[in-house]
Amino acid sequence: MGAHHHGPAKGLSRWLFTTNHKDIGTMYLWFSFSMFILGGAFAMITRAELFQPGMQLINPAFFNQMTTLHGLIMVFGAIMPSFVGLANWMIPMMIGAPDMALPRMNNWSFWILPPAFLILASTLFMEGGAPNFGWTFYAPLSTTYAPPSVTYFIFSIHVLGLSSIMGSINIIATVMNMRAPGMTYMKMPLFVWTWLITAFLLVAVMPVLAGAVTMMLMDIHFGTSFFSAAGGGDPVLFQHIFWFFGHPEVYIIILPAFGVVSQIIPAFARKPLFGYDSMVYATAAIAFLSFVVWAHHMYTVGMPVAGELFFMYATMLIAVPTGVKVFNWVTTMWRGSMTFETPMLFCIGFLVLFTIGGFTGLMLSIAPADFQYHDSYFVVAHFHYVMVAGAVFSMSAAVYYWLPKWCGRMYNEAMGKTHFWISFVGFNIAFFPQHFVGLAGMPRRIPDYALQFADFNMISSIGAFIYGASQILFLYNVVATIVAGKPTSDAKTWEGAEGLEWTVATPAPYHTFETPPQVR
Amino acid sequence: MLLKANRLRELVLGPVLMLLSLASAGAAAAGDKVNESWQVNMQPGATEIGQSIYDLHMLIFWICVVIGALVFGVMFYSIFYHRKSRGVTPSTFHESTKAEIAWTVVPFLILIGMAVPATSTLLEIYDFDDADMDVLVTGYQWKWKYEYLNENGENVAFFSNLRTPQGEIYNATDKGEHYLLEVDEPMVIPVDTKVRFLVTANDVIHSFWVPELAVKKDAIPGFINETWTKANVEGIYRGQCAELCGKEHGFMPIVVNVVSKEEYAGWLEAKKVEAAEIRGLMAQTFTMDELMTRGKSVYERNCLACHGANGEGGVGTAIAGSTVAMGEVAGHLEIGINGVPGSAMQAFGGQINDVEMAAVITYQRNAFGNNMGDMIQPIDVYNHKKG
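Chains as they are written, first to last, in the working numbering: chain A, 7 to 526; chain B, 1323 to 1709.
Honestly, the hints are just simulated from the structure, not real lab data. If you're wondering where the values come from, they're calculated on a predicted model, not measured in any experiment. Possibly wrong hints are sitting among the right ones.
Stretch-level coverage of chain B by chain A, calculated; a stretch enters the list once three of its residues show a Cβ under 8 Å from a Cβ in chain A [what the hints assert, rightly or not]:
hint, region
1, 1530-1537
2, 1542-1550
3, 1690-1703
Derived Cβ-Cβ restraints for the label pairs, each shown as a range [claimed, not checked]:
hint, chain 1, residue 1, chain 2, residue 2, range
4, A, 134, B, 1651, 26 to 36 Å
5, A, 54, B, 1598, 46 to 56 Å
6, A, 120, B, 1516, 27 to 37 Å
7, B, 1424, A, 192, 20 to 30 Å
8, A, 63, B, 1643, 40 to 50 Å
9, B, 1582, A, 217, 51 to 61 Å
10, B, 1430, A, 192, 21 to 31 Å
11, A, 58, B, 1381, 29 to 39 Å
12, A, 217, B, 1380, 52 to 62 Å
13, B, 1396, A, 496, 25 to 35 Å
14, A, 297, B, 1582, 49 to 59 Å
15, B, 1610, A, 58, 21 to 31 Å
All C-beta atoms in this analysis are idealised placements derived from N, C-alpha and C, irrespective of residue type, glycine included.
Chain A extracted, bound-state conformation:
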């Protein structure tokens, strides 16, 4: 084996010791998909219990564990790592770099993730059960009144936070230092831009989350009273700290999704993105605003009216850059020459449903109206429209879009389209009725409900099962493609696709851009 052109090592050690961005990206993607299935299974359990009024399958204590783990695993285990995986695969290939800037740290930031989630999942088998205080883990329910497993939960959050911070530092270092000659900042693909901004958000807020869980740890084990009024602390302080992390976190999840959609829509409209510069500025504006809106999650905690007004106005402002993005995507489609392969379908699904989620977000930003919406199913509907139809749909689009480049085989288009339509229909059946029950007064996170909510809940559960089942089709399609898909060696899978990743061979060789390309 030559010293310059070596392929991957053989066997398990290839994956354990790899420093190759493509291998690490692949591991991130498979890991996040397995977490997606696990978190999805927990959601299926809750929807099965909510199928009818009354307690049938599980008890209220276990229901709370399921909703909590569903949220934690989907946010931290499925969505975030999936976009990190995508960044690993695509950013070096998009900017003409041979690998990530810090390849050994890259290996480490992936390999500490599985143990973190193993610890989190193992709490299910502990005395007192898994965390049961919701993914937002408000004190004192998560401190004084928490099950003993909370300590393991805190450790798990610390470890996955560490992984996120290392991953982001790596992305920032790569984008700043490893761009090919001529690849100026304002020539970078939008996916790279959105990830660069996301990485800065992560570095800023993950330590805040670490601080919050450390304060919890101190309250639980070392006699402090950060979040207990009895000792001079304040339970609301927890919420301020949590949401100072939590709101930027929402954009950490959605900005890379914006990047993916901004790559794919121009490719299938066969027309350049309408306003590249304004898309970059809008992303930066959203990121900036995300730091000054956190208390809109807390309108009912009893803030002074001046605080309510500030957070209401700041939150409403986010509609402006978000609108700019939506208008840009639509104008990119306008007078293009569109085709509707699976990635494009998922992007259009994203655009429609994310916009609906944006509208309900605007409604929720109105503080007086939020006194009725807050903590109701209306909120559940809203954030699933932006998280699932936003992040997960765009992730599906990304997989279909780049899969041929990754493995040199074409996926089954008919099956891909079927996956889209079942997902789209199932998703809407599951989540649209949740707007109705929320407005009619159904609180979130309840294992059982009044009879007036029964019909819509049954519909919602059926939709959830359909959406869940459609992901099995996705898994099957991806595996079938990798194993036995139609081989393709076209460097450019899609007629309208632009970017350096489409200039390398298909399937992408183990090492790409060992000599940097010249970007004009």
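Let chain A serve as the given structure and place chain B on it in line with the hints.
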């Protein structure tokens, strides 16, 4: 082309119109009605604030519908007409400063249009002055306590527990009309009166939410929040705890009975008489049967959720055969009155009166096969509390 545009409008507006007609059907308020099972919209409810919030909600909803129709209209037009299969060649236009400025400035102006009514409604909600009466609302795991504050200190206070039997929840019997939204004793307030709620909690954070009274405020242990309502229609209004507060979060409803001022005055008087009667009972000595009957109902309201219908345990430890229930009376009373700090076992000394405490301790010591044969009287509880 015209036909297509019409169809498009139908597609977009059809569901919206359906939604609205359903909403107006569900919006007829007042009385103790059972809510419509297909209700799809918020209700204005029984207060002026509720009406303002509802108007604001509908205003923003319609603005979103119009913007959505425009954006999706352009998008779907493009999807139908600008497709490769129709043989169109893509144009290459991009970047337009004018368009960018327009779609930044216009939404900003629309937002100002929303912010103005939103601000005025919010300021109304935050006007806590001139309340005619105060009710202290305290959230407990998992029930509410209502305390009518009065300047002479003659407060009327009681707990409000879920009344739905376990049999309905676990599907042994048919579910009643107000399944999960019924309590043993509702809050009673007078109509056309500004009632200020002082909201707090005893253990974790709860949230006091009655949609039709347009009230939602978090109940935070160690802090007191304010909110208020002024119901202008008599009726029974039902709500639930809105903040995840543990295992029975879904099982702590709020029922508010809005009655005429005269009826309210009569009710308050009756509550005071009742309180005096309970004070009388304190001095009484009960028989074993009386204690067991009272004890059973106290147990079902306060203990069953954690300790099980047959004392078998659950979140709490088992009572059947436990060392506490079959040990020293003093130790058993201590746990009942002061709870177990740092655990879910609350201090019930301040939640149930001495008669109830005596009865439930007696019940626990003699039911579930414990058969200790001893009786605890209210005076014993009183003495234990005094130390």
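- Starting from the hint 46 to 56 Å, judge whether the C-beta atoms of residue 54 of chain A and residue 1598 of chain B obey it. With a Cβ separation near 51 Å, residue 54 of chain A and residue 1598 of chain B satisfy 46 to 56 Å, so the hint holds.
- Is 49 to 59 Å a correct range for the gap between the Cβ atoms of residue 297 of chain A and residue 1582 of chain B? 51 Å, holds
- Please test the hint of 21 to 31 Å on the beta carbon pair from residue 1610 of chain B and residue 58 of chain A. 42 Å, violated
- With a cut-off of 8 Å between beta carbons, are at least three residues of the region 1542-1550 of chain B near chain A? Coverage by chain A holds for the region 1542-1550 of chain B (6 residues, Cβ < 8 Å).
- Are residue 1396 of chain B and residue 496 of chain A spaced within 25 to 35 Å by their CB atoms? 33 Å, holds
- Honestly, do residue 217 of chain A and residue 1380 of chain B meet the 52 to 62 Å range at C-beta? 41 Å, violated
- 27 to 37 Å as the expected CB spacing between residue 1516 of chain B and residue 120 of chain A, which holds or is violated: Violated, since residue 120 of chain A and residue 1516 of chain B (Cβ atoms, about 58 Å apart) do not stay within the stated range.
- That 40 to 50 Å hint for residue 63 of chain A and residue 1643 of chain B (C-beta), does it hold up? 30 Å, violated
- Count the residues of the region 1690-1703 of chain B with a beta-carbon closer than 8 Å to any beta-carbon of chain A: does the count reach three? Violated: only 0 residues of the region 1690-1703 of chain B have a Cβ under 8 Å from chain A.
- residue 134 of chain A and residue 1651 of chain B, beta-carbon distance inside 26 to 36 Å? 30 Å, holds
- Would you say the C-beta atoms of residue 58 of chain A and residue 1381 of chain B sit inside 29 to 39 Å of each other? Check passed, 36 Å falls within 29 to 39 Å.
- Item | CB-CB spacing for residue 192 of chain A and residue 1430 of chain B relative to the 21 to 31 Å hint | This hint holds: roughly 25 Å between Cβ atoms.
Comparing the model with each numbered hint stated earlier shows that hints 3, 6, 8, 12 and 15 do not hold.
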